[in-house]
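Q: Okay, so the sequence shown: first residue is 1 according to this note's numbering, each after it adds one.
Taking CB as the label site, the calculated pair distances span:
#1 GLY125 to ASP193: 21 to 31 angstroms
#2 TYR208 to LYS172: 17 to 27 angstroms
#3 GLU30 to THR147: 23 to 33 angstroms
#4 LYS172 to HIS67: 16 to 26 angstroms
#5 HIS27 to GLY125: 41 to 51 angstroms
#6 ASN167 to GLY80: 24 to 34 angstroms
#7 GLY174 to ARG99: 37 to 47 angstroms
#8 ASP193 to VAL232: 43 to 53 angstroms
If you're looking for bench data, these hints aren't it; they were derived computationally from the structure. No residue lacks a Cβ here, since even glycine has one placed at the ideal position from N, Cα and C.
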Amino acid sequence: MKLLRLLIITLSLSASTAFASAKVIYHPTEGRIELSAHIYFYGSEATSEIAQAVLAEINQYWNGGSHFNASILPLTVPFGNLKVRLQAIVSGEVISEARALALLDGTPAPEINFINILAGDSALGDRSAMDFICGRTGTWYLSDDLTKSTTAAHEFGHGLCLDHPRNSDWRKLGQPPIMTARGSLVDSPYQWDPHATSGLPGGTLNPYKRRVTDFDVGEMHLQFLPYDSQGVAYLRGFGQPQHLQARTD
Numbered sequence: 001m002k003l004l005r006l007l008i009i010t011l012s013l014s015a016s017t018a019f020a021s022a023k024v025i026y027h028p029t030e031g032r033i034e035l036s037a038h039i040y041f042y043g044s045e046a047t048s049e050i051a052q053a054v055l056a057e058i059n060q061y062w063n064g065g066s067h068f069n070a071s072i073l074p075l076t077v078p079f080g081n082l083k084v085r086l087q088a089i090v091s092g093e094v095i096s097e098a099r100a101l102a103l104l105d106g107t108p109a110p111e112i113n114f115i116n117i118l119a120g121d122s123a124l125g126d127r128s129a130m131d132f133i134c135g136r137t138g139t140w141y142l143s144d145d146l147t148k149s150t151t152a153a154h155e156f157g158h159g160l161c162l163d164h165p166r167n168s169d170w171r172k173l174g175q176p177p178i179m180t181a182r183g184s185l186v187d188s189p190y191q192w193d194p195h196a197t198s199g200l201p202g203g204t205l206n207p208y209k210r211r212v213t214d215f216d217v218g219e220m221h222l223q224f225l226p227y228d229s230q231g232v233a234y235l236r237g238f239g240q241p242q243h244l245q246a247r248t249d
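Generate coordinates for the entire structure from the input sequences, incorporating the hints supplied.
A: Below you can see the structure in the form of structure tokens.
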């Protein structure tokens, strides 16, 4: 019953409440934009170990790192005639379903997110997803390689108002962005099998090889947010329910 009520509350949230996910602070003297969010994890598989692994992945990727390469790709935001550095600071904690229900029933701050962690079954088609593009709620499955690939960093990107790129063919374009959908065509080093023929079994994107790039950051359009006198703005949007889209995360 608690999970059902959580779903009902999530779907009935007002646009100003449902479609918000992160706080953005512009520090002009430091040439830096800070992207901050807090994630409440709940659900049958929400443990402190899983939460910390998810947070580590999100912070690693959204600060230019990756699982598979020790190098850091500095992420920059076009800001007027300048390019400023992006710094992501994402925190989180595990809470009970009852507390998640109470918090969602109130008016959580725009940068507060709620993620339901479940075991899932890939054979049944369970795929991690945010409820909305630009949304603050979602369900992530352990069976979807959570903490073992780029699932968390990718889904967090959907919360940041990012959809899959329209381009599904990244051959000759190098590093696939974090929001690239599974099944996309990529250069051979980024395939499941580098020796496979493109488009055939093994010849599509290995999600483990995605990483956040300036392409992803540029699609957030952070330079156009309505910053207040303190340089603070919030990522908001009017998203479309993810379950109404063809999902290939």
